[in-house]
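> Sequence:
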Amino acid sequence: MGQVYGVMGEACAELAALPRWSRAGIRAWLDEAAADWREMASVRRVANAAAPAALRSLGEGRTQYVEAHERYVAMPAGPPERWRGVDPAEARQRALMAVLQTESFLAAWIAVEWPLGTADPLRLPADSLCHLLAPAVENNSAGAA
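Residue numbers (the working numbering): 8 to 152.
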């Protein structure tokens, strides 16, 4: 499970490291995250199949999941200057929703091989991420003026 958690952690760190959040930057980040997930797809499939047997208890699995996701959320929610004028609890919830949405979508599309009939499967997730992260994207845009 460490490799699986690692790829999402790296993706969150890369998103947080972007100097400015813009629509183009978020889309480029999502393209890279999808490429990383493709490289880990077979590991993810094995981890998904083995996870129930590998966890000694539901509580242990929950703890591992929550701890990993706390780290993921802290990265994009962290810089207060990025979220200027936004309640920290809202920034954290927006970051959580962005992480969960990205992780769920990439898991379904790439690891589970969910068939999508769209020409650009990442367009809608990118739009949704821009919406979730809009206050920080807007703050960056306002800061550039």
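Simulated from the structure, these hints should not be mistaken for laboratory data.
Where a beta carbon is used, it is the ideal one built from N, C-alpha and C, also for glycine.
Take these hints with a grain of salt, some might be off.
To be verified - Okay, the calculated beta carbon distance ranges per label pair:
| # | residue 1 | residue 2 | range |
| --- | --- | --- | --- |
| 1 | GLY92 | TRP121 | 31 to 39 Å |
| 2 | PRO95 | PRO26 | 31 to 39 Å |
| 3 | ALA31 | GLY92 | 35 to 43 Å |
| 4 | ARG78 | GLU46 | 17 to 25 Å |
> Now tell me if each hint is right for this structure.
Comparing the hints with the structure gives:
1. GLY92 <-> TRP121: 31 to 39 Å: holds (37 Å)
2. PRO95 <-> PRO26: 31 to 39 Å: violated (21 Å)
3. ALA31 <-> GLY92: 35 to 43 Å: Violated: the Cβ-Cβ distance is about 23 Å, outside 35 to 43 Å.
4. ARG78 <-> GLU46: 17 to 25 Å: Hint holds: Cβ distance 21 Å, inside 17 to 25 Å.
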